[in-house]
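Student: So the chains spell out like this:
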Amino acid sequence: MKEKTLDTISWKWWLKNLFTNKNSLYTIIAIIVTLIIIGVLNKTLDNYQIRILNLCAIYIILALSMNLINGFVGLFSLGHAGFMAVGAYTCALLTMSPEVKQMNFFLKPMVPWLANVQVSFPTGVLMAGIMAALAGAIIGAPVLRLKDDYLAIATLGFAEIIRIVFTNLQSITNGALGLKGLPNTVNVWWTWGIAIATIIFMILLIHGSYGKAFKAIREDEIAAEAMGIGLFKHKMMAFIIGSFFAGIGGALLGHLMGTIDPLMFRFLLTFNIVLIVVFGGIGSITGNVIAAVIVTIMMEVLRVLDGRMDFGFIEIQGIPGLRMVVFSIMLMAVILFWQRGLMGTKEFSWAWLKRVSRRMVFRTKDC
Amino acid sequence: MSLTIFMQQLVNAASLGSLYALLAIGYTMVYGILRLINFAHGDVFMLSTYFAFYAMTSFLLPWYISFAIAIILTILFGTVLERGAYRPLRNSPRISIMISAIAASFLIQNLAVVFFGGIPKAFPSVPIFSKIIQISGVSSSSISVIIPIVTILVLFILGYIINQTKMGMAMRAVSKDYEAARLMGINVNTVISFTFGIGSALAAIGGVMWGLKYPQLIPLMGLMPGLKCFIAAVVGGIGNIKGAVIGGFILGFGEIMIVAVSVYMPYDLSGYRDAFAFVLLIAILLLKPDGIMGKSSVEKV
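Top line first, the protein sequences correspond to chains X and E.
When we follow the numbering used here, the leftmost residue of the first sequence carries the number 1, and every step to the right adds one.
When we follow the numbering used here, the leftmost residue of the second sequence carries the number 1, and every step to the right adds one.
It should be emphasised that the hints constitute simulated quantities derived from the structure, not laboratory data.
Incorrect hints may have been included.
Capping the alpha-carbon separation at 30 Å, the derived lysine-lysine pairs in DSS-like fashion look like this [what the hints assert, rightly or not]:
| no. | chain 1 | residue 1 | chain 2 | residue 2 |
| --- | --- | --- | --- | --- |
| 1 | X | 22 | X | 354 |
| 2 | X | 147 | E | 176 |
| 3 | E | 242 | X | 147 |
| 4 | X | 233 | X | 346 |
| 5 | X | 233 | E | 288 |
| 6 | E | 176 | E | 242 |
| 7 | E | 288 | X | 147 |
| 8 | X | 180 | X | 43 |
| 9 | E | 176 | E | 288 |
Sample of chain X residues lacking proximity to chain E, with all beta carbon distances greater than 10 Å (derived) [claimed, not checked]:
| no. | residue |
| --- | --- |
| 10 | 36 |
| 11 | 102 |
| 12 | 107 |
| 13 | 205 |
Backbone N, C-alpha and C fix where the C-beta goes; we use that ideal spot for every residue, glycine too.
Please put together the full structure from these sequences, using the hints given.
Tutor: Structure (structure tokens):
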């Protein structure tokens, strides 16, 4: 009851301040500027680069959803790939046209109740999120009683179970063959629109009373419980919201790739997201956004390592796998020597920017 | 299912269970002392098979020397891993240590892809181990019988080290109470290195025998057995060596029996073989979180 009133206050406060507060105005301007930049990039970049731009947005969504669970509530969950698989398959099966489905399912016909369904892309994405959230609720209920490494292993186990089940449900998911020819509806507006919406949602959530409860649980579970915070309820909430966004991210990723198969959703995918979250700072929204963009671009740029390199005087044959070695070393280095990551638990905010810029101005005056 | 087929599957299950048990002991010992899931243990296991492979194919050494070299190299690698990836983080939050373990595991896998190549390699067959033995209609390759025997021998040696030697006593002390053991003058770092060494040795023995039984090597081969054996350790009660052995055998029997029984089922279950371990894990965590042999512990404030 108490929480509800608090939350409505913060929402009203936000709405009231949205246009009167200077910082909110800056935020709106920043969003518009971002959208304009994306629009310009969308017109000027080639297809491959636009694909990377899309990937950046998708990884932002995924990193934020993991950051909510791992960073803010402190539950070390490694089940992201599983929720992404649920989202990707839901969206793909709902949006593919009956003809394409028939072409895909040549080994075993598809179940009739799914074969003739086709919905629009936004509905499909929403359903993907809802199905993933449902999976999160079903998995979270038993698993969230566990702690630390047990939780990590149990969520990892569930992600594997989801993958194995998808490999074996031939008449629903087409098994190991995967699905090909997903409708090519993803563009930068979809991905970045959803990414920005996710960022705003996360910031609102963390600044509200729920966010404070999450952080209290992260800092000390027993103390938080003593203060009257319902541990299970809040953990479940974060887990379900996190899996909802993971599902949406998975759906977008599937449509961007055009094909999905169960092997895509191995632990390696979760590893990529963990890398982003650790690199950006566990528990920092803005840090994660920056890290998602940097890591995604690096992953593509470093593809050079796997191919042939020509330095003019020496030519190195490409070594497949070297790219992932670089990323593993990067994660090790960050966790060994730079545990805070880019931002630690700090956030980028206008007040911080003002402070820094003022300091800069003073410094230049002194000189 | 006829009795001969059942007996045949039983031999298979016993050898798979033994391999799982050997790996699970490594997990349970490290967890008992450091409270750390050594995610890279499965990859240490993978490395041992590759060491044996290269010793036999590139250096053309006889199998017994190759296996000895593989075991020694793996022990070295295990202790170096502990020093590089886990020791600097000993006093950090548990999540950091776990991320480091995951990173180490991926690093080893990807280095293996770079150095050994992603193409599967065939483990050379050794005539002594690939003979077919027939006992009253039950036929199996000799390695399936040798694996459980070797495992039992190794377990006796391990039991002796832990219960009778000074180092074993130190290991038990450290796993009971890290700080108190240190105050009593036990060199904790040596004990931890020794534990990693023993764990890696067991993984290497398991790895070499795994290569003989399932002769296909890929750099990712350690991932699944690694996860499953951690589950075996949890099922048995983590930190408890007897528990790890029991968990390993339960897992081995369960997996083989799912495949064996699914022939007679209307719906083919054999694809769910890998899911068995995870279902078992979740069941045990919900029913008896401390495992079969584990003691329950209460968190102190």
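Student: Confirm or reject each hint.
Tutor: We went through each hint and held it up to the structure:
1. X:22 x X:354: Holds, at about 12 Å.
2. X:147 x E:176: At roughly 21 Å apart (the allowed maximum being 30 Å), residue 176 of chain E and residue 147 of chain X satisfy the hint.
3. E:242 x X:147: Given pair residue 242 of chain E, residue 147 of chain X holds - Cα atoms ~24 Å apart, limit 30 Å.
4. X:233 x X:346: holds, 26 Å
5. X:233 x E:288: Satisfied, since the Cα-Cα distance of roughly 23 Å is no more than 30 Å.
6. E:176 x E:242: holds, 16 Å
7. E:288 x X:147: Holds, at roughly 14 Å.
8. X:180 x X:43: holds, 28 Å
9. E:176 x E:288: Given that 30 Å is the threshold and the Cα spacing comes to 21 Å, the pair holds.
10. 36: holds, 37 Å
11. 102: holds, 24 Å
12. 107: holds, 14 Å
13. 205: Given that every Cβ of chain E is farther than 10 Å from that of residue 205 of chain X, nearest at about 21 Å, it holds.
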